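Asker: Listed below, chain by chain, are the residues.
Protein chains: 2
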Amino acid sequence: MTDSVFDRIAIIGFGLIGSSLARAVKAHGLVRSIVACDSSPDARATIVRLGLADQVTDDPAVAAKDADLVVIAAPLGAYADIVRRMAPSLKHGAIVSDVGSVKAPVLRDLPSLLPEYVQLIPGHPIAGTENSGPASGFETLFEGRWFIMTPAADADPDAIKRVGDLWRGCGSLIEIMEASHHDKVLAITSHLPHLIAYTIVGTAAHLEEDAQSEVIKFSASGFRDFTRIAASDPTMWRDVFLNNREAVLEMLQRFNEDLTVLQRAIRFGEGETLFDLFTRTRAIRRRIIDAQQA
Amino acid sequence: MTDSVFDRIAIIGFGLIGSSLARAVKAHGLVRSIVACDSSPDARATIVRLGLADQVTDDPAVAAKDADLVVIAAPLGAYADIVRRMAPSLKHGAIVSDVGSVKAPVLRDLPSLLPEYVQLIPGHPIAGTENSGPASGFETLFEGRWFIMTPAADADPDAIKRVGDLWRGCGSLIEIMEASHHDKVLAITSHLPHLIAYTIVGTAAHLEEDAQSEVIKFSASGFRDFTRIAASDPTMWRDVFLNNREAVLEMLQRFNEDLTVLQRAIRFGEGETLFDLFTRTRAIRRRIIDAQQA
Numbered sequence: 000m001t002d003s004v005f006d007r008i009a010i011i012g013f014g015l016i017g018s019s020l021a022r023a024v025k026a027h028g029l030v031r032s033i034v035a036c037d038s039s040p041d042a043r044a045t046i047v048r049l050g051l052a053d054q055v056t057d058d059p060a061v062a063a064k065d066a067d068l069v070v071i072a073a074p075l076g077a078y079a080d081i082v083r084r085m086a087p088s089l090k091h092g093a094i095v096s097d098v099g100s101v102k103a104p105v106l107r108d109l110p111s112l113l114p115e116y117v118q119l120i121p122g123h124p125i126a127g128t129e130n131s132g133p134a135s136g137f138e139t140l141f142e143g144r145w146f147i148m149t150p151a152a153d154a155d156p157d158a159i160k161r162v163g164d165l166w167r168g169c170g171s172l173i174e175i176m177e178a179s180h181h182d183k184v185l186a187i188t189s190h191l192p193h194l195i196a197y198t199i200v201g202t203a204a205h206l207e208e209d210a211q212s213e214v215i216k217f218s219a220s221g222f223r224d225f226t227r228i229a230a231s232d233p234t235m236w237r238d239v240f241l242n243n244r245e246a247v248l249e250m251l252q253r254f255n256e257d258l259t260v261l262q263r264a265i266r267f268g269e270g271e272t273l274f275d276l277f278t279r280t281r282a283i284r285r286r287i288i289d290a291q292q293a
Numbered sequence: 000m001t002d003s004v005f006d007r008i009a010i011i012g013f014g015l016i017g018s019s020l021a022r023a024v025k026a027h028g029l030v031r032s033i034v035a036c037d038s039s040p041d042a043r044a045t046i047v048r049l050g051l052a053d054q055v056t057d058d059p060a061v062a063a064k065d066a067d068l069v070v071i072a073a074p075l076g077a078y079a080d081i082v083r084r085m086a087p088s089l090k091h092g093a094i095v096s097d098v099g100s101v102k103a104p105v106l107r108d109l110p111s112l113l114p115e116y117v118q119l120i121p122g123h124p125i126a127g128t129e130n131s132g133p134a135s136g137f138e139t140l141f142e143g144r145w146f147i148m149t150p151a152a153d154a155d156p157d158a159i160k161r162v163g164d165l166w167r168g169c170g171s172l173i174e175i176m177e178a179s180h181h182d183k184v185l186a187i188t189s190h191l192p193h194l195i196a197y198t199i200v201g202t203a204a205h206l207e208e209d210a211q212s213e214v215i216k217f218s219a220s221g222f223r224d225f226t227r228i229a230a231s232d233p234t235m236w237r238d239v240f241l242n243n244r245e246a247v248l249e250m251l252q253r254f255n256e257d258l259t260v261l262q263r264a265i266r267f268g269e270g271e272t273l274f275d276l277f278t279r280t281r282a283i284r285r286r287i288i289d290a291q292q293a
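Residue numbers (numbering that gives the first Met the number 0), protein chains in the order written: chain A, 0 to 293; chain B, 0 to 293.
Do not take every clue at face value.
Identical copies look the same in the list; a pair holds intra-copy or inter-copy alike.
Mimicking DSSO-like on lysine-lysine, the simulated pairs with C-alpha atoms at most 30 Å apart in a straight line are [said to hold, decoys possible]:
no.	residue 1	residue 2
1	K25	K183
2	K160	K90
3	K90	K183
4	K216	K25
5	K160	K64
6	K216	K64
I should point out that these hints are in silico values taken from the structure, not numbers from a laboratory. In this text the structure is predicted, and so the values were computed from the model without any measurement.
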């Protein structure tokens, strides 16, 4: 057991990430008590049944009261409402953090909604599965995975350190970067791949019913890997695309150009263009395996 | 042990699929002897070292001699040369089959290269991994996976049955369909997903070196799943796209239209369009899990 990093933490939004964080901090003795907050009665019932928190509420104001750290783990579109509701009950010196997949809007919109006596330290764990809800979480989700923090330039170094300590205690590797840089990197590593996966599964969903059944039957040939990604939480992903519009559209433009080159190569039977690209992409896979992120 | 289905089979091209087939037929006692043929000295050394065949050669003519079944498991672009070389030594009544990912060109091009006293029964196992070479194969690769046969309308029913028996013995489920229909179904379930994965990994590979390192570091957020697919054998996939041009370009066109709709929805902040699609794609995933192909 490690010494606890925080006395009391509130986790607002108790899905895959929120419930995994609760499991991990509990397993590693990183906090003394956890209050879980979720707007879904089903989710709250599951949290109680699985004993994932010391207290369960549907009210962010109740959850935030006396909390040393509040982690918002809800879809980005719900942030403003959550923060408005909890702001009055935040205690002096509390830290507010989050796990959202887009960071610049968090730094832009939240400070004006928060009292000046709390510290905002946004973060993003690079980990997940396609499953949702409190029952889908697990304690080892963050082990060996990166946790990116994007604090403002004038954020309190001690608050940054304590949030980092919590995630390090859950097995994460810590990286600090500028919010808009984070959003560009994630546009290519995460947002564009999800958009593409959603699109191709959607293309299959538009086929006539006969063809659709065959797609499902023979999905082991590549398609099923895309369906896994395209099974991710719809609300969360809608909010990601609405909040990281520019970076996603920029990467999508590059992707479209590259796809057009391949389309031409197929149309005109240019085998060498295809072979060259397919060889280069294999090398990228090898680097990911070497970086132990495979 | 099952009764053997064939006395002697030759497997020409001993990579992931060829070597997995050898392992499976041996494990299930489906043949009496296996001759392995591969043009790569490294591959042949591995076959000998791992004891994957009773005889090893680099010459299709030697491999085909006395074989009751010849399975071509090489890239599509190598078929014509292989068949020309082995045709003179094929025995009367032999069956020639394959495992290629495109079927119409096989039925179109091979009959004129084969003696009329052999039966051509093309096939395609819907199974694989991103790894290549004889060491990457494993005996259970085909278990619970589909094997699609695309014989000509006038093919010998007994030959169809025996090829089906062999794959059924390896754990496969058998489907018979028309070659051009196969090529359309696979264009969406396999060829387009691979093309898209190759493209997006290529887009990342075109970023400046700094950004590339970050893509690799934070690849656990979606990107890495695409790199796995984009690590598949370059020669095999070049040949797939060159041989299934029309069906792939048709599916690519549909994909592009769907992607344009999403692009517009992101640009104009149309959250409902995104949410609706993301909900529908989740249902497709559920059907694949129900069909036990996840």
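Asker: As a check of your reading, is K160 near K90 (CA-CA no more than 30 Å) within one copy, between copies, both or neither?
Answerer: within (19 Å within a copy, 75 Å between copies)
Asker: From the Cα coordinates, with 30 Å as the cut-off, is the pair K160 and K64 best called within, between, both, or neither?
Answerer: within (22 Å within a copy, 72 Å between copies)
Asker: Pop the pair K90 and K183 into one bin, within, between, both or neither, using alpha-carbon distances up to 30 Å.
Answerer: neither (34 Å within a copy, 62 Å between copies)
Asker: Taking 30 Å as the upper bound on the Cα-Cα distance, should K25 and K183 be classified as within, between, both, or neither?
Answerer: The answer is neither: 33 Å in one copy and 51 Å across copies each exceed 30 Å.
Asker: From the Cα coordinates, with 30 Å as the cut-off, is the pair K216 and K25 best called within, between, both, or neither?
Answerer: between (42 Å within a copy, 27 Å between copies)
Asker: Within a copy, between copies, both or neither: which one fits K216 and K64 at a CA-CA cutoff of 30 Å?
Answerer: Neither way: K216 and K64 sit 52 Å apart in one copy and 37 Å across, limit 30 Å.
Checked against the numbered hints given earlier, the structure breaks hints 1, 3, 6 and satisfies all the rest.
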